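Line order of the protein sequences matches chains R and A. The working numbering puts the first sequence at residues 9 to 244. The working numbering puts the second sequence at residues 10 to 346.
Don't read these hints as lab results, they were simulated from the structure. Since we're looking at a predicted model, the values are computed, not measured. Idealized CB from N, CA, C, for every residue including glycine. A few of these clues could be false.
[Claimed, not checked] Partial pick of chain R residues on the chain A-facing surface, computed with a CB cut under 7 Å:
1) V84
2) A96
3) Y100
4) M101
5) V109
[Claimed, not checked] Quick list of in silico lysine-lysine cross-link-like pairs, DSSO-like style, CA-CA up to 27 Å:
6) R:K188 with R:K36
7) R:K178 with R:K141
8) R:K141 with A:K328
9) A:K339 with R:K141
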Amino acid sequence: MPMLNVSSIDVFYGGFKALWNVSLTVNKGEFVSLIGSNGAGKTTTLNTIIGLLKPSSGEIVFKDVKISRLPPSRIVDLGLALVPESRAIFPYMTVEECLLVGAQIRRAWSRRMDSLEWVYQLFPRLRERRRQKAGTLSGGEQQMLNIGRALMSRPELLMLDEPSIGLAPKIVTQIFNTLKVINEEGVTILLTEQHIYHALKMSSRAYVIETGRIVLTGRGDELLNDRSVKEKYLGM
Amino acid sequence: MNCLMIEALRRSIWGCSMGALMMEVLRNRRNQSLLVFFIALALYPLLLVDRPYFIWVAIMCNFFAVLVVNWDILLGYGNLLSFAHTGLLAVGAYSSVMLVNQIQIPPVIGMFSGSVIAAAMGLVLGWICLRLRGIYLALATWGFSGIVQRILIAEYYVTGGLKGFPTSFLLPVSSFTAPIYYYYVSLLILFLCVLVMFRLINSRYGLLLTAMGNDEEALASLGVNVTWLKVSLFTVSSFWIGLAGAFYSHLLGYVSPAIADFSTMMVTVMAATIVGGLGTFFGPLLGIFIIYPLTEIIRVFGGANQQLILIIVILVFIKFFRNGLGGLVKTLTYKRY
Numbered sequence: 009m010p011m012l013n014v015s016s017i018d019v020f021y022g023g024f025k026a027l028w029n030v031s032l033t034v035n036k037g038e039f040v041s042l043i044g045s046n047g048a049g050k051t052t053t054l055n056t057i058i059g060l061l062k063p064s065s066g067e068i069v070f071k072d073v074k075i076s077r078l079p080p081s082r083i084v085d086l087g088l089a090l091v092p093e094s095r096a097i098f099p100y101m102t103v104e105e106c107l108l109v110g111a112q113i114r115r116a117w118s119r120r121m122d123s124l125e126w127v128y129q130l131f132p133r134l135r136e137r138r139r140q141k142a143g144t145l146s147g148g149e150q151q152m153l154n155i156g157r158a159l160m161s162r163p164e165l166l167m168l169d170e171p172s173i174g175l176a177p178k179i180v181t182q183i184f185n186t187l188k189v190i191n192e193e194g195v196t197i198l199l200t201e202q203h204i205y206h207a208l209k210m211s212s213r214a215y216v217i218e219t220g221r222i223v224l225t226g227r228g229d230e231l232l233n234d235r236s237v238k239e240k241y242l243g244m
Numbered sequence: 010m011n012c013l014m015i016e017a018l019r020r021s022i023w024g025c026s027m028g029a030l031m032m033e034v035l036r037n038r039r040n041q042s043l044l045v046f047f048i049a050l051a052l053y054p055l056l057l058v059d060r061p062y063f064i065w066v067a068i069m070c071n072f073f074a075v076l077v078v079n080w081d082i083l084l085g086y087g088n089l090l091s092f093a094h095t096g097l098l099a100v101g102a103y104s105s106v107m108l109v110n111q112i113q114i115p116p117v118i119g120m121f122s123g124s125v126i127a128a129a130m131g132l133v134l135g136w137i138c139l140r141l142r143g144i145y146l147a148l149a150t151w152g153f154s155g156i157v158q159r160i161l162i163a164e165y166y167v168t169g170g171l172k173g174f175p176t177s178f179l180l181p182v183s184s185f186t187a188p189i190y191y192y193y194v195s196l197l198i199l200f201l202c203v204l205v206m207f208r209l210i211n212s213r214y215g216l217l218l219t220a221m222g223n224d225e226e227a228l229a230s231l232g233v234n235v236t237w238l239k240v241s242l243f244t245v246s247s248f249w250i251g252l253a254g255a256f257y258s259h260l261l262g263y264v265s266p267a268i269a270d271f272s273t274m275m276v277t278v279m280a281a282t283i284v285g286g287l288g289t290f291f292g293p294l295l296g297i298f299i300i301y302p303l304t305e306i307i308r309v310f311g312g313a314n315q316q317l318i319l320i321i322v323i324l325v326f327i328k329f330f331r332n333g334l335g336g337l338v339k340t341l342t343y344k345r346y
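Chain A on its own, in the form it takes in the complex (with noise of 0.2 Å):
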C-alpha cells in the first residue's frame, strides 16, 4: 500500500514537471521539426547583422508568414476562402496606431489592444458572414477589405486619408537604426501564433475544424455547434491578424491604406499559400519563406509585373501541382497501412 502510494506520488511529480512535458512534447517528429524550424529562424539573422536589407527581408517573411498560417488554417482547414486579412490588417494597424497617438499609451500595449479590437471585427464580420459559403464568402469578405480601405482614404480627416500618419515605434530604438530587435520581436510574435494555432488545429477543435471543412452538414447532424465553430475560428484568426497589421506599422512608425491593398498584401498571401499546399500547415508557412524572397528579387520588374509574376506562379501550382510543395512532401513520404 505505502509502495504504491509513494510510486504514484513520484509518477505525479514527474507528470507534472516541466521536463517530462518537454519529453513529451519533443517525442512527436512534428514538434521536432518545428523546434529546428524556429532556432534556424532565431540563428540565421545573426549572420546578417551588418547587412540590414537582409534583415528587413527577414522580418517581412515573419509578418506575412503569421498571415498565411491564419489564411492556411481557414481555406485549409476549415474550407473558408476569406479575403477578409487586409480589412481586418487596417483595422488591426488603424486602432493601435490611434489609441497610441491620441492617448500615448506604450505601443506594446497599443499593439495588443488593436488586435483585440481586429478580433472583435472578426466576431462581428464571422456573424454577418455565416450562413455565406464559398465564392459568396469570399465576396462579402473582399467587400468588407474593400470598404475599410475607401474608408481609409476617403475619412481623411480621422484617418489621414492617403498619406495616412506617423507613429511612435514598437521599441525605443528605431527600426531603420537597428532592424535586428524588430527582427526578434516579429519572431516571437510568429512563434506565439504558430504555438497556439498548431496546438489548435491538433485538439479536438482541431479535429471538428477539418470536418467542418469535409462536410459542414454531416457534422451539424452530429449535433456539433457549426456556428460556434466558425465564429471563433473567425475571431481568433482575426486576433492574429490584427496583431500583424499593429506591428507592421509601429515597425515602420507609419501607416497608410496601402497596408490595406489587395494586390500587394492578398496575393503574396495567396502565392505563399497554394505554393506550400493548402492544409498541410508547415507547407505555408515554408512557402512564404520562398515566395517573399521572390517578390523581392522580382521587384526591380516594377509592381504590376511583379504581381503578374506571383499570379502565373499561383496558376501554374493550381494547375500542375495542386497540392504545393506540402502536398509533394506528403504524397512521397505516403505509408501503405
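This is chain R alone, in the form it adopts within the complex (with noise of 0.2 Å):
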C-alpha cells in the first residue's frame, strides 16, 4: 500500500484544464522526484496534494485518509508538509520564531524543542542566524529556512516544489545533499525539479510531467539514460 496514492486526478483553472489524468504513487521512505519543464504542471501537482486545489475528478489518498477534499490545515495535521517555491518567509520575524511557526499544528508543538534542534543540526548556518531577522537572510539561507520550517512541523512526507530555483550551483549541491540526508532519516520526499540531473542521481523514482500528463516514468539512473529525456532536458 503506498503512503501517498494519487490516482487520475484533473485539475482545472477556472475554464483551463491543467492537469490530465494524473496519477502518481509515493511509498513509505522513498525519494521521488517530478520533473518538467515550466508550465508543465508540477506546481499545480503539489497544490493539488496539500490542499490549496481540488481536483475535478479522481481521488487523493494518504495513509489511508482521503484528503482531496480536506481544507490544508487538516492534511497539514496528517503528516504532509510543501516548501512552497515561492520563498515565502517573514521578513520581520527572526529565524528561530519563522521556525516556531511552522510547528503550530499541536503534534508538532509539543515536540518544538526537539525539531529546533534537529532542524539547526541539519542547516547549521540557521543555527548561526538564529535571532537575525529572516529579511536579511541570503537566498540559500532563506531556502534553508524554508526547508527547515516545513520540517518543525515532523511530516512524514515532505514535498519540494523546486528547492534550486535561483540559487548559486554550490548551493543546490549543498541542499540536495541534505535532502538526502533527511530522506535517509525516514522522511519521505516527492519533490520537483527543472534541475533534472541532481533530482534523477537523488531519486529512487520519477515521473516526467509534460503539458500537465505524465508522460514517462521509471528509476531515476533509468530515466537519467532515457534517449528522450536526454535530448528534451538534458540537451545530450
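Mind docking these for me? Both chains are given alone in their own frames, and the hints should help you get the complex.
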C-alpha cells in the first residue's frame, strides 16, 4: 500500500485544464521526483496534494485517508508538508520565530524544542543566524529556512517545489545533500525540479510531466539514460 | 525510590504555588517594567486627590490607553488597518446605556453586556471584512464607523439623536464629586486589558499573529487557519473597545454620538500609536500618556487646530521617526548576536 496515492486527477484553473488524468504513487521512505519544464503542471500537482487546489475528478489518498476534499490545515495535521516555490518567509521575524511558526500544529508543538535542534543540526547555518531577521538572509539561507520551517511540523512526507530555483550551483549541491540526509532519517520526499540531473541522481523513482500529463516514469538512473529525457532536458 | 517521590512531590507543590509562579513571571525584564508601570499608575493620582481636573485627565489617559493597545495589536502585529474603533465604541456604549436605562440592570453588568455585544459586532464585522486587505479594510471599517454614527443621529426616537441621553453612573457616587474612584475603575480595566493582550501576543497565538502580519499567504501555506486568526483577533479587540465605550458613557452619565466622532477619538489613538511606535506594545501604551496631556494643553487653540497639531505630529513622526519612541529604544538597546 503506497503512502501517497494520487489516482487520475483532473485539475482546472477556471476553464483551463491544467492536469489531465495524473496518477502517481509515493511509497514510505522513497525519494521521488517530478520533473518537467516550465508550465508542465508540477506546482499544480503539489498544490493539489496539499489541498490549496481541489481536483475536479479523481482522488488522493494519504495513509488510508482520502484527502482530496480536506482543507490544507487538516492535511498538514496528517503529516504532509509543502515547501513552496516562492520563498515565502516572514521578513521581520527572527529565524527562530519563523521556525516555531512552522511547528504550530498541536502534534508538533510539544516537540518543538527537539525539532528545532534537529533543524539546526541539518542546517548549522540557521543556528548561527537564529536571532537575525529572516529578511536579511541570503537566498540560499532563506531556502534552508523554508525547508526547516516545513520540517518543524514533523512531516512524514515532505514535498518541495523546485528547491534549487535561483540558487548558486554550490548551494544547490549542499541543499540536495541535506535532502538526502533528511530522506535517510526516514522522511519520505517528493520534489519537483527543473535541475533534472541532480534530481534524477538522487531519486529512487521519477515521473516526467509534460503539458499536464505524466508521460514517462521509471527509476532515476534509468531516466537519466533515457534518450528522450536526454534530448529534451539535458540537451544531449 | 522513596526519596525521588518526595522530591517530585515537593517540586510539584512548589511548581503549583502562586509564589513560584510570581517569581517566574517577575524574572522577565518586560514583565518587571510592566509591573513598575502599573504601580506608578496606581500611585500618582494620590498626589492629585484635591485636583479633580488632573484626575479627569488621568482617567481619559487610561480610557484611551485601552483603545491604543488594541489598535497597536491590530495594525502593529496583525497588519490590519482598522478604523472600526469609533463604531465599536458607540456600539458598546449605546447597548450598555440602553440595557441599563430600559431594563434597569446595574451599570456594571450593563457594561459587560455592552462589551459582549460589541464583541459580537466585531465577530460579524471580522467575517464580512475577511477578504479585504490594507487600504480596503481601512475603508470598509471606516464605513462601518460612519454608518454607526449616522444611525445614532438619524434614528432619534431610539437613540435620542444628536442630544443622546443621560444614564446612571457606574458607581453609587457621581464621577463629578469623586473622580478618584472612577480613576481606579479605569485603571482596573486598563490593567485587565493589558494583562490579557500582553499574554496573548507573547503566546503561540501572538507568534502566528506576527507571522500573519509578515506574510499572510505564507502562513496559510503552512496549514494555518488564517480566517480564524483574523476573526478571533477582531472579536477580542472589539470586546475591550466595547468595554471602554461602555465605561466612558457610565463615567459621564451621558451618551451621545460624539463618542463615535472620528476626528476626536481616532486621531488621538493614531497619534499615540505612531508616536509610541507601532508593534512595540509598550511604546503606544506610553505614547498615550504623552499625547493625551498634549491634547489637553493645546485645547486652548480650539478643536480644529487641536486636530491639526496632532496630525502634524503624526506626519512628522511618520516622516522622520518611522518606528516611534519604542523603535528608538529598540535601536539604542539593540544587541548584536
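Hint check:
Because the closest C-beta pair between R:V84 and chain A is about 3 Å apart, less than 7 Å, the hint holds. A cut of 7 Å between beta carbons decides the hint on R:A96: the least distance to chain A is about 3 Å, and the hint holds. With a cut of 7 Å, the hint placing R:Y100 at the interface with chain A holds, because the nearest CB-to-CB distance is about 5 Å. Of the supplied interface hints, the one on R:M101 holds, with its beta-carbon coming within about 6 Å of a beta-carbon of chain A, less than 7 Å.
About 5 Å separates the beta-carbon of R:V109 from the nearest beta-carbon of chain A, less than 7 Å, and the hint is met. At most 27 Å may separate the alpha-carbon atoms for a hinted pair to count; R:K188 and R:K36 meet this at roughly 15 Å. At roughly 24 Å between alpha-carbon atoms, R:K178 and R:K141 fall within 27 Å of each other, so this suggested pair holds. For the proposed pair R:K141 and A:K328, the alpha carbon gap of about 24 Å is at most 27 Å, so the pair holds.
Using a Cα cut-off of 27 Å, the hinted pair A:K339 and R:K141 holds, with the two alpha carbons roughly 14 Å apart.
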